[in-house]
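**Student:** Sequence:
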Amino acid sequence: MASVPSFRDLPSVDRLLAQSCWSQVPELRAGLRRDACRQVLEALRRRLRAGGLERVPPIEELAAAALREAQSSLQPTLRRVVNATGVVLHTNLGRAPLAPAAVATLAELSGAYCNLEIDLESGARDSRNHRLARAMGQVLGVEDLAVVNNNAAAVYLALCALAGDGVAVAVSRGELVEIGGSFRMPDIMASSGARLMEVGTTNRTRLDDYRQALDQGAEILLKVHRSNFDMVGFTEEVELAELAQLARSRSAVLIYDLGTGMLRSSAALSGESVRSALSAGVDLVLFSGDKLLGGPQAGLIVGRPELVERIRKHPIARMLRPGKLTFLALEATLLAWERSPEGQEVTAAALCNRTPAELEQLAQQLATELRACGVPGLEVEVAEVVSTPGGGSSALLSLPSTAVSLSSAVRSEEQLAESLRRGEPAVLGRIERGRVLLDVRTLLPGDQERLLVAVARLAEQASS
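When we follow my numbering, the leftmost residue of the sequence shown carries the number 513, and every step to the right adds one.
Please keep in mind that the hints were generated in silico from the structure rather than gathered at the bench.
Hints may be right or wrong, so weigh each one.
Computed spacing ranges between beta-carbons, pair by pair [as the list claims (entries may be wrong)]:
#	residue 1	residue 2	range
1	Ser777	Gln873	22 to 32 Å
2	Gly793	Glu748	15 to 25 Å
3	Gln873	Gln551	43 to 53 Å
4	Leu837	Thr713	25 to 35 Å
5	Arg561	Leu909	43 to 53 Å
6	Ser924	Gln551	44 to 54 Å
7	Thr713	Gln856	37 to 47 Å
8	Gly793	Ala680	43 to 53 Å
9	Gln973	Gln551	19 to 29 Å
10	Ser622	Arg561	46 to 56 Å
11	Pro570	Gln856	16 to 26 Å
List of simulated lysine to any residue pairs, SDA-like, C-alpha gap at most 20 Å [unchecked claim]:
#	residue 1	residue 2
12	Lys836	Ser639
13	Lys836	Val537
14	Lys836	Arg685
15	Lys825	Leu618
16	Lys836	Arg716
17	Lys825	Arg637
18	Lys825	Arg643
19	Lys836	Ser703
20	Lys825	Leu621
21	Lys836	Pro569
22	Lys836	Gly635
23	Lys836	Leu618
Each residue gets a CB set at the ideal place from its N, CA and C atoms; glycine is no exception.
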């Protein structure tokens, strides 16, 4: 009977490093090699402690494993994923895929110098916001804007600049939200120096509640988009136009944290937009760049020029300012909206606006091609499903869609989803009622071919 291995049977790091396989990669530095050997040995120790190691592999095999570990540590950890979840703005997958024009701009200018803060006509220093203000003005008609690194920063900076010395800010109790990443509106307000004045109740807030807050010293009214939850039933809230009229009559400032960044309503996406909020008379609208706007991660502040200027001149603004890449992608995205008012040139908007007929045709074609892959025991069907914009755009907003449904006689749905997720290319779908659903709404150009490669590899696994 073979003896049970012990810790003494494990080779030393130096013995692993002395193996000949390392001569293939002279470019790997010594520290990286040593770390890889330690990781391989530590994995063996864990198996020994758990009683799951029947024998110690040959030293050549261990050295080869360490070599692979060292080489993999030099590879990027971020890689392309086929999004077949049906969630257009999937936070875990990077939210909005950039518009082709933004990708082209980054490809051309990210590795070069550009006139980010210089006027090439006069040679004088310029503001990086000016070019974005021009593009945003073309799309929304606003005169000025401020840009920070995300919408949470936009809320924080606006409050610091306009209410940081203890100014009372009135917010409905039903809008004191917490969204992903532990973003709690009361905490943000407290850290900004603003004084929170809660009005109304959780489910019902009336115009008189805001009026009483102004009577008690509030100088700012803050309206907050609820993002990833909503309330139904016995509820009441004030229309933006009414709130704006009240704020104007009392010389107060109305700020709307819209969050989602929907520039305009469309057939697929209804609800409050940046344009409609400004038209209603809101003084400042704050929203994300990487949600329904379809651009890079950013927080945008638009509205009354004198307020935007105060915000931009606040000392904290410099700490929250994005870099060149964000400005390049944002300007290209805004210009894409100007060229295509319905968002045809903006990838996220185009995905949301896909028609049922287009989705059905794509799903049927994909299903036919997947069946031809010949994966043993794999059943492929087409199913009607519901997808969502995601990204906290609206808890109740859904989009009818079509998916390719996969089920297997030899794999559970969890095993099938795991194989697709861990494969190359990686494919992320969703599991519903014992099936893996591949929602075609969120497939990008080339993803259909990538899916075929991923499923064909399932056939290879079955035959090996």
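**Student:** Against this structure, judge whether each hint is valid.
**Tutor:** Right, here's what the structure says about each hint:
1. The hinted range of 22 to 32 Å is satisfied by Ser777 and Gln873, whose Cβ atoms lie roughly 27 Å apart.
2. Checking the proposed 15 to 25 Å range against Gly793 and Glu748 shows it holds: the Cβ atoms sit about 20 Å from each other.
3. Restraint check, Gln873 to Gln551: a C-beta distance of roughly 48 Å satisfies the suggested window 43 to 53 Å.
4. At roughly 44 Å, the beta-carbon separation of Leu837 and Thr713 lies outside the given 25 to 35 Å, and the hint is violated.
5. Under the hint 43 to 53 Å, the C-beta atoms of Arg561 and Leu909, about 50 Å apart, fit the expected range.
6. Remark: the range hint 44 to 54 Å for Ser924 to Gln551 is contradicted by a beta-carbon distance near 31 Å.
7. Taking the beta carbon of each, Thr713 and Gln856 are about 43 Å apart, inside 37 to 47 Å as hinted.
8. With their beta carbons about 21 Å apart, Gly793 and Ala680 fall outside the hinted range of 43 to 53 Å.
9. Evaluation of the 19 to 29 Å hint for Gln973 and Gln551 yields a pass: the beta carbon distance comes to about 26 Å.
10. In this structure, Ser622 and Arg561 meet the distance hint of 46 to 56 Å, their C-beta atoms being roughly 47 Å apart.
11. Our hint of 16 to 26 Å for Pro570 and Gln856 is violated, since their Cβ atoms are close to 60 Å apart.
12. For a cut-off of 20 Å, the pair hint linking Lys836 to Ser639 stands: about 12 Å separates their Cα positions.
13. For the suggested pair Lys836 and Val537, the alpha carbons sit about 37 Å apart, so the restraint of at most 20 Å is broken.
14. Under the criterion of a C-alpha separation no larger than 20 Å, the hint pairing Lys836 with Arg685 is inconsistent with the structure, at around 38 Å.
15. For the proposed pair Lys825 and Leu618, the alpha carbon gap of about 28 Å is over 20 Å, so the pair is violated.
16. Note on Lys836 and Arg716: the hinted pairing is violated, with a Cα-Cα distance of about 44 Å set against a maximum of 20 Å.
17. Taking the CA atoms of Lys825 and Arg637, the gap is near 16 Å; set against the 20 Å cutoff, the hint holds.
18. Taking the CA atoms of Lys825 and Arg643, the gap is near 18 Å; set against the 20 Å cutoff, the hint holds.
19. Between the alpha carbons of Lys836 and Ser703 the distance comes to roughly 28 Å, so the proposed pair goes past 20 Å and is violated.
20. Straight-line distance between C-alpha atoms of Lys825 and Leu621 comes to about 28 Å, which puts the hinted pair past the 20 Å bound.
21. For the suggested pair Lys836 and Pro569, the alpha carbons sit about 51 Å apart, so the restraint of at most 20 Å is broken.
22. Distance check on the hinted pair: Lys836 and Gly635 sit about 19 Å apart at the alpha-carbon level, within 20 Å; holds.
23. With a C-alpha separation of about 10 Å, the suggested pair Lys836 and Leu618 falls inside the 20 Å cut-off, and the hint holds.
Of the numbered hints listed earlier, those contradicted by the structure are 4, 6, 8, 11, 13, 14, 15, 16, 19, 20 and 21.
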